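**Student:** Listed below are the residues making up each chain.
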Amino acid sequence: MRNMQKKEVRKNPFKRAVMGFMGLAAAFCIVIAALVVFVDPFFHYHKPLSGFPYLIDNQLSQNPGMAAHMDYDSVILGSSMTVNFNTDWFKELMGLNTIKLSYSGAFPKDQSNIMKIIFNGNHQVKKVFLGVDVITYTGGVEETKYPIPEYLYDNNYFNDIQYVLNKDVLLNYILRPLADPDPTNLATVYASWWTEEYYSEQWVLHNYTSPEQVLEKTAADAYIPGVKANLDVNICPFIEDNPNTQFVVFFPPYSILYWNDVLKENHLEATMEEYRYIAERLNEYDNVEVYFFPDREDIILDLNHYADYSHYHPDYNRFMTECFTNGTGLVAKNGDEEGKTIDEYLSHMREIVDEFDFEELLARK
Amino acid sequence: MLFNSYAFVFLFFPLFFIGFYGSKKFRKALLTKAFLILMSLWFYGFLNPANVPVLLLSMVVNYGIYLWMKKKKEKKLPLVTGLFLNLGSLFLFKYTDSAFVPLGISFFTFSQVAFLMEVYRGNIKTFDFWDYGVYITFFPKLAEGPIALPGEMEGQMEKVLKTPFDWEKFYRSLCLFVLGLAKKVLLADTLGGAVDYGYANLTALNSGDAIIVMLSYTLQIYFDFSGYTDMAMGIAGMLGFDLPLNFNSPYKAANILEFWKGWHITLTRFFTRYLYIPLGGNRKGEARTYINTLIVFFVSGIWHGAGINFIIWGMLHGILYVITRWRMKGKKASSGKIKHVISGFGTFLYVNIAWVFFRAPSVKDGISLLRKIAACRFGRINWDMAGYFNLDEFWYVIKVLHIDSWQYAHYILMVLILLVALCIVFFAKNAVTAAGKIKPSAVNTLIMAVLFVWCVITFSEVSSFIYFNF
Numbered sequence: 001m002r003n004m005q006k007k008e009v010r011k012n013p014f015k016r017a018v019m020g021f022m023g024l025a026a027a028f029c030i031v032i033a034a035l036v037v038f039v040d041p042f043f044h045y046h047k048p049l050s051g052f053p054y055l056i057d058n059q060l061s062q063n064p065g066m067a068a069h070m071d072y073d074s075v076i077l078g079s080s081m082t083v084n085f086n087t088d089w090f091k092e093l094m095g096l097n098t099i100k101l102s103y104s105g106a107f108p109k110d111q112s113n114i115m116k117i118i119f120n121g122n123h124q125v126k127k128v129f130l131g132v133d134v135i136t137y138t139g140g141v142e143e144t145k146y147p148i149p150e151y152l153y154d155n156n157y158f159n160d161i162q163y164v165l166n167k168d169v170l171l172n173y174i175l176r177p178l179a180d181p182d183p184t185n186l187a188t189v190y191a192s193w194w195t196e197e198y199y200s201e202q203w204v205l206h207n208y209t210s211p212e213q214v215l216e217k218t219a220a221d222a223y224i225p226g227v228k229a230n231l232d233v234n235i236c237p238f239i240e241d242n243p244n245t246q247f248v249v250f251f252p253p254y255s256i257l258y259w260n261d262v263l264k265e266n267h268l269e270a271t272m273e274e275y276r277y278i279a280e281r282l283n284e285y286d287n288v289e290v291y292f293f294p295d296r297e298d299i300i301l302d303l304n305h306y307a308d309y310s311h312y313h314p315d316y317n318r319f320m321t322e323c324f325t326n327g328t329g330l331v332a333k334n335g336d337e338e339g340k341t342i343d344e345y346l347s348h349m350r351e352i353v354d355e356f357d358f359e360e361l362l363a364r365k
Numbered sequence: 001m002l003f004n005s006y007a008f009v010f011l012f013f014p015l016f017f018i019g020f021y022g023s024k025k026f027r028k029a030l031l032t033k034a035f036l037i038l039m040s041l042w043f044y045g046f047l048n049p050a051n052v053p054v055l056l057l058s059m060v061v062n063y064g065i066y067l068w069m070k071k072k073k074e075k076k077l078p079l080v081t082g083l084f085l086n087l088g089s090l091f092l093f094k095y096t097d098s099a100f101v102p103l104g105i106s107f108f109t110f111s112q113v114a115f116l117m118e119v120y121r122g123n124i125k126t127f128d129f130w131d132y133g134v135y136i137t138f139f140p141k142l143a144e145g146p147i148a149l150p151g152e153m154e155g156q157m158e159k160v161l162k163t164p165f166d167w168e169k170f171y172r173s174l175c176l177f178v179l180g181l182a183k184k185v186l187l188a189d190t191l192g193g194a195v196d197y198g199y200a201n202l203t204a205l206n207s208g209d210a211i212i213v214m215l216s217y218t219l220q221i222y223f224d225f226s227g228y229t230d231m232a233m234g235i236a237g238m239l240g241f242d243l244p245l246n247f248n249s250p251y252k253a254a255n256i257l258e259f260w261k262g263w264h265i266t267l268t269r270f271f272t273r274y275l276y277i278p279l280g281g282n283r284k285g286e287a288r289t290y291i292n293t294l295i296v297f298f299v300s301g302i303w304h305g306a307g308i309n310f311i312i313w314g315m316l317h318g319i320l321y322v323i324t325r326w327r328m329k330g331k332k333a334s335s336g337k338i339k340h341v342i343s344g345f346g347t348f349l350y351v352n353i354a355w356v357f358f359r360a361p362s363v364k365d366g367i368s369l370l371r372k373i374a375a376c377r378f379g380r381i382n383w384d385m386a387g388y389f390n391l392d393e394f395w396y397v398i399k400v401l402h403i404d405s406w407q408y409a410h411y412i413l414m415v416l417i418l419l420v421a422l423c424i425v426f427f428a429k430n431a432v433t434a435a436g437k438i439k440p441s442a443v444n445t446l447i448m449a450v451l452f453v454w455c456v457i458t459f460s461e462v463s464s465f466i467y468f469n470f
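Chains as they are written, first to last, in my numbering: chain A, 1 to 365; chain B, 1 to 470.
Hints are computed from structural coordinates only; laboratory data are not their basis. Errors might be hidden in some of the hints.
Claimed, not checked - When the alpha-carbon atoms are kept at most 25 Å apart in a straight line, the in silico DSS-like pairs for lysine-lysine are as follows:
(1) A:Lys15 x B:Lys159
(2) B:Lys437 x A:Lys15
(3) A:Lys145 x A:Lys116
(4) B:Lys162 x A:Lys15
(5) A:Lys264 x A:Lys126
Treat the numbers as computed from the prediction; the structure is a model and nothing was measured.
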């Protein structure tokens, strides 16, 4: 029977060609998929191979795998406000083996997506450093900044085909690093591209446009329902479920131009209330520390510390890391004697905003 | 579901193929037909299940009208009712700001209209529900045609069930599918990147950029649409079916009449049979012939999309068509080679300009692109636009050859890809012809397998966003 079939194949060149096509196509696909699984440039299946010059530059695609398969005992989460943290500082100052999993523009849902992976693994997470940008906490609880590649975030093996048979993965994350090795240093991964000369008042003002004055004032409690929903769904469950993990939550120091936006857009009260709500709400947990940096006059009043209206020089990432060690900027918990309360921080912030001469600064443009 | 997706290539089609030939073994036509219809509905509802009830309702209503027509001697009332319902729902979904437009509604509506017209004309005596179901839902042609006539589909299933598996037909169809896939995934989508960039950044373009945008779209729409129908014919062929030819190297045409003999052939045929001829065709004198032609192109413009720009596109074609027909009256097509080349080039240029209105987001944008060209302000080609042609797989070759430091290196691939695309549309055999002649040699098989896998790994990309704010 088998011989007859073989004869038929030989007799019919088209049958042979079809079989040849199927065999070759299958073989090519298997080889490509096997290579991707073996090198695993997005760390979807296993730890990095030792010695392979991995290129890490894609937060959406590589963070989930790094969270699942790399070794660490603490993580940095947040937006582009966190990309310039050097994880070596965390080792040096706190003895922590930290991994940076920033998402530029991250919404709370993005944080939740990655925390799900962090806490589902076998990691003993000592600390989570979470940068909070208030403007992102008012949106929908299911919103992500960018569409995420679901196949790297779920446990469905079938949709992994988008990863294992993917030209970008093959060319840009396997063949290019092999041909032109420039392995990413995990300590500085995702660091912003601005070089020193961009951190200047001239550059910042040049690119800054003051918003139109909004006449209608946003009510003080306008943002609270959205923020509450985001904390309830995307942040607090992780704090509650992981009492042995310390959550270090911090509000980053945007430049004074950010506060010009707030004034022009006429939502100062609402913004203040939002800071208060988040700080008070999170400070209720024993395993949370809240740090408040927006009122650091030494940082925010000098635009030479910034590359745009919100992004500060890496020196201030270093500064914040030191604060996490020595407690500067810590928001006192209720009834706690030490440190300033959130009310004190906010009234200082308000003082700065009230007294600052925005006209004069913008006139320098 | 898209043909160019992992789900189709690795899940749907293999399952379909096994089920189809498996059900054939039972020699029960009904079983195979039911299987085909069910799977086609899955295909149709894969990306949005809401599509399915619309199609089912359309089928039930149209089959009901067919039964009504069969019962009555006077068939006009059911026909008019049927046309009104079909075209009315097409209008509602497509031309009012409907948030939901069922997949392929333009195509299946025309299939329904063709069905009712053929019944009305007495060309179809009996069409049982399963045959009708196969005719409407047959997944290879469901979403984007070709617009097959009921007579073309009728009886194919019986033939397929009777004939033994044909390896040659399968191989040729497989090659046609791969060629269509490559046209769509490798060529059309690459060109599409530059086109999208161009139309989104009209003000930044100089004359050279604008010419490239115009030309790229002309090539893109051909490779996209004809690639899709090549795939449809290839898939149908692998199952033993034949679909009508839809594209026959239209850009090789020496004049606009020839162009329309090669572009979206089944649509032209549809309009000829069901609009042009009922209007009187060419039987009512010369003037009426030209008016009827213009009406067809006007309706064709409307069918292609909501918006005045589609009407402009249709009328541009209609007017040249009428003029050409008038000038060629009683004459034979010019036989001189040089004349042929010149008139072919003119036609191609004219078709290019018409496509601008087809693609531009608005008439204003279309005119603005043409103005850019007319301004004759040339300069360095737009860097970002050229970047869309720099596919990694070729760019790395340029790097390996160390020519990437040459100041024009960034433009090499743009020029090469456009040249290759132009050579294909002007000189290469039509994919259907090529697949019909391909030899089952080892080299050809290897080329096809490489092309196929190259397309497959292009289905998905690693999305990267440029992060600036927060």
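**Student:** Evaluate each hint against the coordinates.
**Tutor:** To see whether the hints hold, each was checked on the structure:
1. For a cut-off of 25 Å, the pair hint linking Lys15 of chain A to Lys159 of chain B stands: about 21 Å separates their Cα positions.
2. Proximity of Lys437 of chain B to Lys15 of chain A is assessed by CA-CA distance (about 16 Å); at most 25 Å being required, the pair is judged to hold.
3. Distance restraint check for Lys145 of chain A and Lys116 of chain A: the Cα-Cα separation of roughly 17 Å lies within the 25 Å cut-off, and the hinted pair is therefore satisfied.
4. Between Lys162 of chain B and Lys15 of chain A, the direct Cα distance comes to roughly 20 Å. Compliance with the 25 Å bound is thereby established for this hinted pair.
5. Among the hinted pairs, Lys264 of chain A with Lys126 of chain A is inconsistent with the structure: their alpha-carbon atoms are about 41 Å apart, more than 25 Å.
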